[in-house]
Structures are given as structure tokens and as C-alpha cells.
Amino acid sequence: MTHVNYPQSGLTALLDALEQELLAAPADEVRSAWRKSGRARNMARLEVQALLDEAIAASEDGSAAPSPSDTCTGLDRLLGVSMRLRLAARGHLRAGAVPFLSCRRH
Amino acid sequence: MAGTSQQVKEWGRPAGPLQRDVGAALAALSEEDLLRLRAIARLRARALPDGMSWSDLLHEAVLRALTGARPWPPGVPLLAFLAGVMRSLCDEEWRRHRRQDHLPAPLGSGGADDPERACAAAEALAAIQRLFASDEAALKVITGLISGMAAEEIRRHYGLTAVKYDTTRRRIRRTLLRHGLAWSWP
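Each protein sequence line maps, in turn, to chains A and B. One rule links them: number in our numbering = place in the first sequence (from 1) + 4. One rule links them: number in our numbering = place in the second sequence (from 1) + 663.
Treat each hint with caution, since some may be false.
[Said to hold, decoys possible] Partner residues are not named here, just some residues of chain A that face chain B (Cβ under 7 Å, in silico):
(1) 15
(2) 22
(3) 37
(4) 39
(5) 50
(6) 54
(7) 56
(8) 57
(9) 62
Derived from the structure by calculation, the hints contain no laboratory data. Positions of the beta carbon are idealized from the N, C-alpha and C atoms, including for glycine.
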């Protein structure tokens with residue numbers, strides 16, 4: 005029961021197990037879980053779809069990004085910025101994190 | 664020689680699917696898979712710093728898959744791959760959070776010596792347990808999973824029959840899927 009004393013490792017174990025449950029859930033079980041939530045289900049699906057479309061558009065915009073081997077302006081760094089831009093747009097980032105945005109490719 | 668020629672062809676291939684294949688696979692996801700992905704993202708985002716949301720997490724995972732920053736290994740289902748990317752993004756986000764606060768990196772990879780992360784984890788565990796507050800059997804299974812027990816151990820420890828255990832797991836899945844739709848958790 006060592007996990008009880010370490011919430012982080014307990015959470016990791018739980019999330020990994022629950023994630024496997026969600027991945028393995030049969031399609032009909034997934035459908036039935038949402039059977040009585042037509043409007044919410046539709047909105048949720050549209051929201052995820054919009055999010056995927058946004059990511060696809062962002063990846064196409066960044067297709068000319070420098071190679072990941074360039075550690076200053078590399079792709080991974082650029083991608084890190086994309087998340088911070090989304091957070092900053094919603095006012096989640098603290099002021100101390102903003103200078104990081106100056107590394108963004110122009 | 665035919666074998667050698669085949670080997671050369673294999674070596675010439677990219678290690679994983681091409682980037683455009685990720686896009687095509689994303690476009691081909693069923694409604695069930697989209698909602699499954701949302702439920703996983705919401706689950707993973709329970710204990711993130713800086714108000715990072717499930718949509719930020721999922722967006723970033725998809726972006727990294729699309730650009731090839733996280734290559735999609737052959738033979739791995741797309742959803743399992745994206746779930747894995749989200750999992751590692753959570754760790755990455757905590758490391759970034761500590762750097763911003765000028766705190767030393769935790770000694771272990773699990774962040775067991777990071778009090779802020781431990782606190783966030785405890786809150787997330789409490790939120791997940793609240794989801795199942797009215798389901799005694801589900802709480803037993805959840806507690807077993809938190810303790811790192813395997814299915815057989817959980818069944819034995821709590822005296823659950825195989826049928827009872829399976830129906831409990833199904834209820835847990837349904838609850839998680841339904842709450843994947845909801846705007847907020849209890």
C-alpha cells in the first residue's frame with residue numbers, strides 16, 4: 005500500500021489503469037454511455053473535432069519550421085510555445101512566463 | 664540477395680507512419696473515438712499546473728503527433744499513442760512549472776518529492792473518488808488501483824467475484840465516459 009502515502013504515484017497508477025479502461029471500452033459501451041445525452045454528446049464531439057482541426061491548421065502553418073536539431077528555434081520549442089500562447093490568450097499564464105514567447109518564430 | 668534488397672527497402676522507410684498519415688488517421692476517427700479521446704484528456708488534465716486545460720493538453724499532443732515531434736510508432740493504435748503523448752506532456756508541464764518557479768528538478772521521475780505536485784495529485788485523487796462516492800464497489804476497485812494492485816489482487820482483497828468485478832469496472836468506465844462530456848467534475 006505504498007501508493008497511499010505518495011499521492012503522485014497513486015494517481016499515476018490510477019490514471020494509467022483508467023486510461024486503459026477507456027481505451028479498451030467496446031464501442032457499443034461508449035455509445036450507450038452517451039445514449040441519453042444527445043445534445044451534450046454532439047457539442048462535445050464538435051468541440052474535439054474543432055480542436056483537431058485547429059491543431060492540423062497549426063501544424064500546416066508550422067510546416068516550414070526549422071529542424072528539431074536547432075535547439076533555440078527548433079520545432080519542439082515552437083510547439084511548446086503553441087501551448088503557452090493558448091494559455092496566455094485565456095489569461096492563464098503569469099507575467100514571468102511571457103518572455104518565453106519572444107522566442108517565437110516570425 | 665532478395666532478402667538483402669528487401670532489407671535495404673525497409674531501412675529506407677521512415678521509422679513510423681508519415682506525418683500525413685497522422686492527419687488522415689485523425690480525420691478517420693469515429694465519434695466514439697473522439698469522445699474517448701476527450702474523456703482521456705479530461706482525466707489526464709485533472710492534476711496539471713498553471714490552469715492548463717484538457718483541451719490545451721489534447722491540442723498539444725495532436726500537434727506534436729502531426730508535426731512528427733512525437734513520432735507515431737508502427738503498430739500502435741492512434742488513441743493509445745495520443746494518450747501516451749498526453750501522459751508525457753503532463754510530466755513535461757510539471758518540469759516546466761518548476762523551472763519557471765526556479766525550483767530544482769525533483770530527484771525521481773515520478774515527482775514524489777515535489778510537494779506542489781503531490782498536493783495537486785491528492786486533489787485529483789479526491790475528485791476521482793468523489794465521482795464514485797455512491798458506489799461502494801467502485802470505490803474499492805479505485806482504491807485498489809491507487810494502491811497499484813492487479814485485478815486478481817483487488818478481487819481477492821475486497822472479496823469481489825469475477826462477475827461483480829467486471830460489472831464494477833463497466834460502471835467505472837461508463838461514469839468516466841459520461842463525465843468526459845460534462846463541463847465540470849464534482
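Cross-check of the supplied hints:
no., hint, verdict
1, 15, "holds (4 Å)"
2, 22, "holds (6 Å)"
3, 37, "holds (4 Å)"
4, 39, "violated (10 Å)"
5, 50, "violated (9 Å)"
6, 54, "violated (9 Å)"
7, 56, "holds (5 Å)"
8, 57, "violated (9 Å)"
9, 62, "holds (6 Å)"
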